[in-house]
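As they're listed, the protein sequences go chains A and B. The letter at position 282 of the first sequence is residue 282 when you use the UniProt record's numbering, and the numbering goes up by one with no holes. The letter at position 168 of the second sequence is residue 168 when you use the UniProt record's numbering, and the numbering goes up by one with no holes.
Accuracy of the hints is not assured; some may be wrong.
SDA-like mimics (lysine to any residue), calculated; alpha carbons at most 25 Å apart, straight line [said to hold, decoys possible]: (1) B:K112 to A:R81; (2) A:K370 to B:P123; (3) A:K187 to B:M260; (4) A:K88 to B:G110; (5) B:K112 to A:M205; (6) A:K191 to B:D270; (7) B:K112 to A:Q204; (8) A:K319 to A:N332; (9) A:K187 to B:L264; (10) A:K335 to A:F348; (11) A:K88 to B:D109; (12) B:K112 to A:P43; (13) A:K187 to B:L267; (14) A:K187 to B:P271; (15) A:K88 to B:G116; (16) A:K378 to A:R289; (17) B:K112 to A:A293; (18) B:K112 to A:D77; (19) A:K88 to B:N108; (20) B:K112 to A:A84; (21) A:K370 to A:P247; (22) B:K112 to A:L75; (23) A:K378 to A:P280; (24) A:K370 to B:Y54.
Residues from chain A that keep clear of chain B, each with C-beta distances beyond 12 Å, as calculated [what the hints assert, rightly or not]: (25) K33; (26) L75; (27) Q121; (28) P141; (29) D163; (30) G167; (31) S188; (32) E189; (33) K191; (34) G314; (35) L324; (36) S328; (37) R331; (38) Q390.
It should be emphasised that the hints constitute simulated quantities derived from the structure, not laboratory data. Here the structure is a predicted model, which is why all the values come from computation and not from measurement. Cβ coordinates follow ideal geometry from the N, Cα and C atoms, glycine included.
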Amino acid sequence: MMSIQFGRRHALGLAAGALAAPMVARAQAAPVKIGLVALATGPAATLGTHLRDGFLLGMRHLDGKLGGRAAEVLLIDDELRPDAAVTKVRAALERDKVDFVVGVVFSNILAAIMRPVTDSQTFLISTNAGPSPFAGRGCNPYFFATSYVNDQNHAVMGKAAQDAGYGRVMLLAPNYQAGRDAVAGFKSEYKGTVVDEMFTPLTQMDFSAELARIAAARPDAVFTFMPGGLGVAIVRQYRQAGLANIPFLSAFTVDEASLPAQGEAAIGFQTGTSWTPTLPNEQNARFVRDFEAQFNYVPASYAAHAYDAAILLGSAVTKTGGNLADKSALRNAIKAADFRSVRGNFAFGANHFPVQDFWLAKVAQRPDGKFQTEHVRKVYDNVTDPFAAQCRMPAG
Amino acid sequence: MSLTLLLVQGLNGLQLGILLFLVAAGLTLVFGVMDFINLAHGVQYMLGAYFAAYFAAQTDSFWIALLLALPATLLVGLVLEFLVFRHLYDRDHMAQVLATFGVILILNDGVKLLFGSAPLQVPMPAALTGGFPIMDGLLYPHYRLAIIAGGLATAGLLWWLVERTRVGMLIRAGATNAPMVAALGVDIRRLFMLVFGFGAMLAGFAGVMAAPILSVEAGMGDNLLILAFVVIVIGGIGSIRGAFLAALLVGLVETLGRTMAPDLMRLFLDPSAARQVGAALASMLIYIAMAAILAFRPAGLFPVRAS
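Produce the entire structure from the sequences given, and follow the hints as far as they go.
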């Protein structure tokens, strides 16, 4: 009996050894796994769709490979619920062993998954959410953003209003954290008179009362931050109320994600942005052309920043020769940002946020009938975000 | 605040009140006659808007879209009544709340599957695109006037139906004492179904009318539903007249409060605090008004049910 048991054990050991050998071989050629956190439920899912399609187009332009290794994208729907996002991202880290976590539309989701991802020494690349704490004191050696710090687009419009010489401006935003941040961001660069600040409940869709106040105060311009469906409502009502002769300045309110529903009502309305489909560089032309050919809609900045993230990862993994184990080398390779961005100028600052240009853009209708934002003039040239100075980047 | 601005805001409040009334009318009848809490009523408002968006895209005409959307919401209302709600009439309120909440979740996600998650728009009818200058620099869109007119006409029609017709008499009787009406030989189930379908269609009508000024998106009915419940509680459950007056009251309090609360707060606070406190206070105002009214009239302004 003993000998048989020994024999069995021996045989099992042999079999295990025989199985293990090819597994090691396979591990070396194993695909690079990327967890792509793209919102797919709720009214804001359009933004996640832009993000997902932008990233997937980037992977297609890289022939599905990162640094010569096959790449696999795992789609993760964060459901706009921090608890769901953490559960799913943890599963991707522990069960699927993803090498990168990329994406995230909303800041509260990013804040929730920040620690789980970076604590596991996995690189997290935000392609949209850019809460200021992570650019300042909370900067992290395992975190990069290819987008912006949230406040920057508002500050861009403040500067643009200042440059345009508007002496009296009225501000309108929903009464929640991001809305108050928008107003603060605008005022950080605008030195003229703020006639009034109006805060509306996040669920309010009819702005007739606020529009009447605007008409009564007759400001030189209106600045607003109304994301998603709120933006569709305010843009159409603003036009219907005959107020369009007062310049409409905005951030995250008129973009390619909302323009299909805003249509003609948004023409001429202005926005502050880091990217538009019209930025004149070869990489951008190719991105927009192929994106529209494949997905049949005009990409928004959510798609462009995600596309950049894919191309960035391709450049970084090529630099390390496909080696993902040496975290420090990989970090340096990402930080080098040795790729051609759809935004033209692109570099990472010390806090791992982009140093880039910002534009004043205007909504226009293209000859084919579709709507897009078109850059008007550069507001900031190669600018570092105002929080970078607070960042003391810890050694990884 | 100038008198003209006050007038404009009054008109805005009236328009919100009219939309609220159309949603609340169905809700108060269903609650009053059948003692059935239908949280999914707001979904009918959303469906009306989605049907309008779909039919308008197909036919390029708002009016045809309106004509098609009304029977479509009626049909959905009847189908839901047949499949789900009629099995709940004899259950307690908690079961009704749970089941109708489930219907909200299913339909909200259903429209996303069918129409996508991006907000849609409904073009304004060409004849009503303009506006008249109501004050310096501000146009009051003709379309919003049409909403007020359409809503008032519907309210008149409803009053006539409920107060002057035989079916209306049965509905009023049912709201006062449903078992007695059934005992007198009236097919109360059929009456329920009629009221239900009609209420659904009214909410759908409100959705169609709101679609050209708001954005059409999943969940758009949920916020209005909360206000509609406030309306029927203030107005007295089951009372069309109460719902009408309460809807106008809520619409006016909400709109005027929103514009005046920040100004009032400025008398006590510094400007930036006044803006935020004012905005917060404005969103509480209708609930404060509701509490005040219920303190004096616990059954609402026009109580119907026999105690």
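Comparing the hints with the structure gives:
1. B:K112 to A:R81: holds (18 Å)
2. A:K370 to B:P123: holds (16 Å)
3. A:K187 to B:M260: holds (24 Å)
4. A:K88 to B:G110: holds (24 Å)
5. B:K112 to A:M205: Holds: K112 of chain B and M205 of chain A sit about 19 Å apart, inside 25 Å.
6. A:K191 to B:D270: Since the Cα atoms of K191 of chain A and D270 of chain B sit roughly 20 Å apart, the hinted pair holds (cutoff 25 Å).
7. B:K112 to A:Q204: Holds. K112 of chain B to Q204 of chain A sits at ~21 Å (cutoff 25 Å).
8. A:K319 to A:N332: holds (9 Å)
9. A:K187 to B:L264: holds (24 Å)
10. A:K335 to A:F348: OK: K335 of chain A and F348 of chain A at ~6 Å, within 25 Å.
11. A:K88 to B:D109: Holds - the C-alpha atoms of D109 of chain B and K88 of chain A are around 21 Å apart, at most 25 Å.
12. B:K112 to A:P43: OK: K112 of chain B and P43 of chain A at ~8 Å, within 25 Å.
13. A:K187 to B:L267: Distance of about 24 Å is within 25 Å: holds.
14. A:K187 to B:P271: holds (15 Å)
15. A:K88 to B:G116: Answer holds: K88 of chain A to G116 of chain B is near 24 Å, not above 25 Å.
16. A:K378 to A:R289: holds (23 Å)
17. B:K112 to A:A293: holds (24 Å)
18. B:K112 to A:D77: holds (15 Å)
19. A:K88 to B:N108: holds (24 Å)
20. B:K112 to A:A84: Between K112 of chain B and A84 of chain A the Cα gap is close to 20 Å, so the pair holds against 25 Å.
21. A:K370 to A:P247: holds (22 Å)
22. B:K112 to A:L75: holds (19 Å)
23. A:K378 to A:P280: Holds, at roughly 13 Å.
24. A:K370 to B:Y54: holds (19 Å)
25. K33: Non-interface label stands for K33 of chain A: nearest chain B Cβ at 27 Å, farther than 12 Å.
26. L75: holds (15 Å)
27. Q121: holds (35 Å)
28. P141: Correct as stated: the minimum Cβ-Cβ distance to chain B is 35 Å, above 12 Å.
29. D163: holds (25 Å)
30. G167: holds (17 Å)
31. S188: holds (14 Å)
32. E189: holds (18 Å)
33. K191: With a cut-off of 12 Å, K191 of chain A remains clear of chain B, as the shortest Cβ separation is near 17 Å.
34. G314: holds (29 Å)
35. L324: Given that every Cβ of chain B is farther than 12 Å from that of L324 of chain A, nearest at about 34 Å, it holds.
36. S328: Its Cβ never comes within 12 Å of chain B, the nearest being 41 Å, so this holds.
37. R331: Check passes; 36 Å lies beyond 12 Å.
38. Q390: At about 24 Å from chain B, Q390 of chain A clears the 12 Å cut-off, so the statement holds.
Going through the hint list in order, the structure satisfies each hint without exception.
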